[in-house]
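Given these sequences and hints, build the entire structure.
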Amino acid sequence: MKRLLALLALAALLGGCATYALTGTGPVAGPDKSYSVALPRNWVRLTSMSDRVVVTRDGFALQRIMITRVAAKDAFPKLKKPADDKLLASELAELQIAELKAAGAPNLTVLENVPARIGGAIGFRLRIRFLNNDGLAFEQVWCGVLDKGYYYLISFHAPELYYFDKYLPDFDRTLASFRLG
Amino acid sequence: MRRLAAALFLAATAAWPGSAPAQALAPLKGGAATAPASEEERRVWAQADELAATLAKSGRVLDDPALTAYVQRVADRLFPEFKGHIHVHILKAQGLNAFALPNGDIYLNEGILARFRNESQLAALLGHEGIHFVDRHSYQSLENAKSTAALGTVLAVVGTPVVGLAANLLAMSSITGYSRELESEADNLGYKRLVAAGYDPREAPKLFKLLMTEVAASGEKEPFFFATHPALKDRYDNYLRLSKNATAPKDPAPDRYLATFAGLRLASLKAEVSMARYRQVIALLKEPERHGDYPPYVDYYLGEAYRQRGEKGDAELAKAAYLEAIAAAPEFALAHRALGMQLLKAGDYGGAARELERYLALAGHAADHAYARMYLEEARKRRDERGKGK
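Chains as they are written, first to last, in our numbering: chain P, 1177 to 1357; chain S, 1395 to 1784.
Between beta-carbon pairs, the in silico distance windows are:
1) R1436/S / R1349/P: 53 to 63 Å
2) G1478/S / P1335/P: 35 to 45 Å
3) G1235/P / A1722/S: 50 to 60 Å
To spell it out: a stretch of chain S is covered by chain P in this simulated footprint if at least three of its residues, at any positions, have a beta carbon under 8 Å from a beta carbon of chain P; those stretches are:
4) 1449-1457
5) 1735-1742
6) 1760-1773
Calculated directly from the structure, the hints in this document are not laboratory data.
Using N, Cα and C, we set each Cβ at its ideal position, and we do this for glycine too.
Have a look at this one:
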């Protein structure tokens, strides 16, 4: 409880217009009820961004789960490429890797790239690693899928040291609960 | 937003402690006398040290002692009196770029090293960048780093903002190029170094020619080393004029560069494909001379670039390129996988199954085997369904 109060106080000080809420037990619906997902209980959700779901337990730099949905034509803004529904799952993953490289992690390492069933449809699961400017290693998991003209991404981000392995099971439970609408 | 960025930038520039030096400064002398001439310049060097340390920590500097020693030897041959003061590093970055910091650290992108065809072309670049250090251009130019667009270009090279604001401003002036006068000075004095060190001066304009071709094909703006002033074409013409009556010194090992950098060249090509820089890859591999610098299966990467581009007719070009790669190197597994995926998308399920089976036979333990098995299963299923339908 102390941790939560401290986090909320810090968020209130630094966040300006950002608003936060504690996650509960029931599933959460995405924009236009396009998906539903069960978030880890008693995490903090950023509620001021209506186009995405972002939650953390200890702070967004320490661990965060994010779910986004964008129109397929806007799927890869850095590459200026759409997500064509003719793309195979591995091609979608390949574009996501290129997008991440273009977005500021040019030297990321791909640790895992496999097909995955996301919300009932075939997509991909990527696990990547990169160093920040201080040489601190981060890992991320990106799961992506195309459905009815939209590109869905469910991602997990944490420092490699301690946080990634500790909270990966929370992410995997979240991912398993994800349902396309 | 742009106005806000501009205001912040100008405020920051005004606060920069070294924004005073407008007059030309005497070049550094070399040897033990290579040191900052003032407290202001010492601070600029310290910021450069900070930037260099950040680049090293962030994992962006290539850890290949043999290749780094090679480029260092060329720099030392060009600037013998600065041996121990100029330190050359290779950055794991694909843009055609290079830059010198005021403390003597010179950074060359993998991408530009992958484009050179001989040591003289590398020497032409290092001669130019070395002069920026020796003639203290970065220090002189800090006050000229006024373009807010420069921040974007710095970020493109080094990723997220690297260190404190002062070092970012330093990076801007170093990375994004200097005034017309300073760039011309670096070209002309760098050329003299090239000649004095016994390199082939006729290679300098060739470098610019090759890069102009690729820049035109890629549709990108000119890279920073060949920054807007003077324009790339003007600099090509200048090098052509300088080298007009030059003769070539005897090079005992003309292919040394190509052989030494073969691994980096291929790694750079793979990186470009992984970053979807398909325009650059197509421009590069469509040149027969460059194409020959790569292994026999290089057409696989050309095929991947066509597939990524995805314009009308590219699927056929990709397929043809994959077939070329397989003809040249039948055991090269990735070409079979790519062809199998292409055939699957085109509805040739029998062909897709055959190529994917071949891929798995050659590389069954590859990291992406799960995709290949999934595609193979689908190709077989559809092939069998079609067979039953007949």
